[in-house]
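Novice: Read off the chains here:
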Amino acid sequence: MQKPVLIVAGGVLLAVNAVAVFLPSPNSILAAQTLSAIAGMVLVFVAIRPQAPVPVATQSPVAVPLPKDPVAPPPRAEAEVVALLGLFQEGGRLVDFLMEDISSAPDAQLAPAARVVHSGCRKVLQDYFEISPLRSEGEGARVTLQKGFEADQYRLIGTVGDQEVHHGKLLHHGWEANNVKLPRISGLAPGKRWPVLAPAEVEVAS
Amino acid sequence: MSHAIGIDLGTSNCALALAGEGLEILPVTQILGPQSVGERNLLPSAVFLPAEGASPSATLPWTGEGTGIFAGTHARDLGALQPERLVVSAKSWLCNPHIDRRAGVLPWQSTVVPEKLSPVEVSRALLAHLLSNLRHHHSSVDGLNVVVTVPASFDEVARVLTQEAARQAGWGQVTLLEEPQAAFYAWLENNSVSWRSQVGEGDLVLVCDVGGGTADFSLIAVGKRDGDLDLERVAVGDHLLLGGDNMDLALAHDVARDLEGVALDEWQFLSLLHAVRSAKEALFSRPDLGEVPIAIPSRSSRLLASSIAATLRRDRLESVLVEGFFPMVEPDAVPTVRRAGGLRESGLPYAADAAVTRHLARFLQRARSATGVSAMPTRVLFNGGVFHANVLRQRVLDQLAAWAGHPVRELEGGSPDHAVALGAAAYARLCQSGRGLRIKSGTARSYYLGLESSAPAVPGRPVPIKGLCIAPKGLEEGSHVDLPGEEFLLYTGEPCDFRFFQSAARPLDQTGDVLPTVNDLEESALLTVCIPPPAGHSPGEEIPVHLQSGLTELGNLELHFSHRPSGERWKMEFRARLE
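Protein chains in written order, with the numbering used here: chain D, 1 to 206; chain F, 1 to 579.
If we strip away everything but chain D, and leave its shape as in the complex, we get:
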């Protein structure tokens, strides 16, 4: 039923009741007046109450799948990054090193720590990435970038004009990964978004 019709109907009933009050009437009419006043109020109330959304019938109803696990699935890309960081930590103690305050450490202490980090992380890099310089010339060599060079492979420094061919000095030969074969994350505990960076270690007392 439409809202205005309800309001008008309720209003008419109330108005008729109000007029009837001033007319001499028997008891039976009084009872009818009271009932119609209640009915009018109910009609107005129903009309002005907050409306629940009315379901819209669609042509083919779709079953909405309920998630099995209330926790959202792990954001895969982030988990892979955390796992990679975990590899650098496992192999080369990278997280340990970066989380330590080195500002007051003398160089004599930094050297062995740097060797631990370097040799371990280097091995991880070699195990999982195939890395080569973008340019084979030695740094400092003159290089020429022809028209249509791949802009995302170069960072041009200095006065860069609109000319088609750029000549310049190679400051850094760049790096690129030719092949990546990272281990895959497997067996992440339910409810965990990422693997741990480094497990806590406990020496079991015998």
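To be clear, the hints were calculated from the coordinates, so they are not data collected in a lab.
These figures come from a predicted structure and were not determined experimentally.
Careful: at least some of the hints might be erroneous.
Under the rule of at most 16 Å between Cα atoms (straight-line distance), these lysine to aspartate or glutamate pairs were calculated in the EDC-like manner [to be verified]:
#1 K440/F x D497/F
#2 K181/D x E476/F
#3 K123/D x E281/F
#4 K571/F x E558/F
#5 K571/F x E476/F
#6 K466/F x E476/F
Covered stretches of chain D, as calculated for chain F (at least 3 residues, CB under 8 Å) [to be verified]:
#7 80-94
#8 99-107
#9 116-126
#10 144-158
Residues on chain D that point at chain F, a partial pick, calculated with CB under 8 Å [as the list claims (entries may be wrong)]:
#11 L110
#12 P112
#13 A113
#14 P195
#15 E201
#16 A205
The beta-carbon is built from N, C-alpha and C at its ideal position, and this holds for glycine as well.
Starting from the structure of chain D, add chain F where the hints point.
Specialist: Chain F alone, transformed into the frame defined by chain D:
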């Protein structure tokens, strides 16, 4: 389509190769960390038995969750922290006659593992991992022709057990190939055009294979037949538990000695070992470096105050490795044998003498006395990661030249890391197609049954044992010999045991020869036969039988008893333990 597969079931690492158009190594999916899985070309031959509830949560694509024991990189790494739950060198246990090789004894002397594994089960686990990997990545592979490599020094029991492990793992019937021969097949394949220019008639090639945990020598003679070169494996060495791992350990101990007043815990020593290994590789590959600094981190999360600095100097590297493991020795040098009070801690029989050159000298002495001709190699094929170091290859060449009095050339174009698996795949293809050059290789040893002498018993003195030669050295694959003269009386219905001996140094013994004593033979197994009574005989009756021996196409020795009147035959089985 049928495929030729080669498996290097190594002491330290396994590898899987496929022969198609060319030869390729198939990467092996394995658990790399507690929560990561990935591919590596090698599967470390390490099997880990996790504690209850402490399994890594990573699972292989072909197994369900909670897999229990697992093999590979993470097994090796985790095992370094929990050594009593790690099995390594299972292959060396497989050829140890003093344990029951089908009984659960590994991890050796572990007090925490309730259900131990037998050497056969460990080999089966590694082989099953390789098979699952193959099926997972190459589902089209079927009709397999599989070759598994074994050390040339493997005895008959270890060979039979290797085949048994492969069968249990699901590989079916596999052919065995000696590792040095596999390395040679890989070299032939790599140099299919040029190999004839590198060797010629009359050359004797030493295959010098020093892997992570073992050293293995073989001699291959180059001859001529029907106008083309032909190859024959003429001698194999003993099983030597001496390899690159020993060298890294020696270096690590040498460096640790210089750290005065610093006590390294087990974990730090392990880090030192890894650091020393990369420092060694750096020194070998960069002749300009005089020393390589190394650093050992502490176990805690603090790196700065607690990392220990050390140095590996070139002169120490050379004195420890070159002079310690490859000293120049006389041609008649003999490895020292440790006899500390007559009792040795049971376990693996590690070589007491670390000098590879002394073991090589003895190998060549024995080969000389066995073949009766000069056994000085003219060519060397190196195999194993140790020989990435030019210094060590040169040292072996110098040593051989000093013994021979003429220069000895290295065969070029080898691939020290994967040659054994690749060569095995090449051999599998050769078996499949029947085309290609084969290395002739009969039995590397002669074999004997122990017979009790019919001498009067003397109290306190054991009955002397005579040795009956049942298979001569050089018995070829697919051939059989009868012992017509010898008749044995066997009880029917109950198992009869025979002591089984072998020798690598008696090439002239012929089938049926009887040696008065077995003192210079090596006892390797017990043989058992149980004969059900043939028709017309009752259990417990003695019947006369004849012995036949033969070498199967798969490369293992088989012995049968036959009862002529009934025409029945029974196979003798190797027992996996010496009493």
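Novice: Can you give the numbers of the hints that this structure goes against, from lowest to highest?
Specialist: 1, 2, 5, 6, 10 and 16
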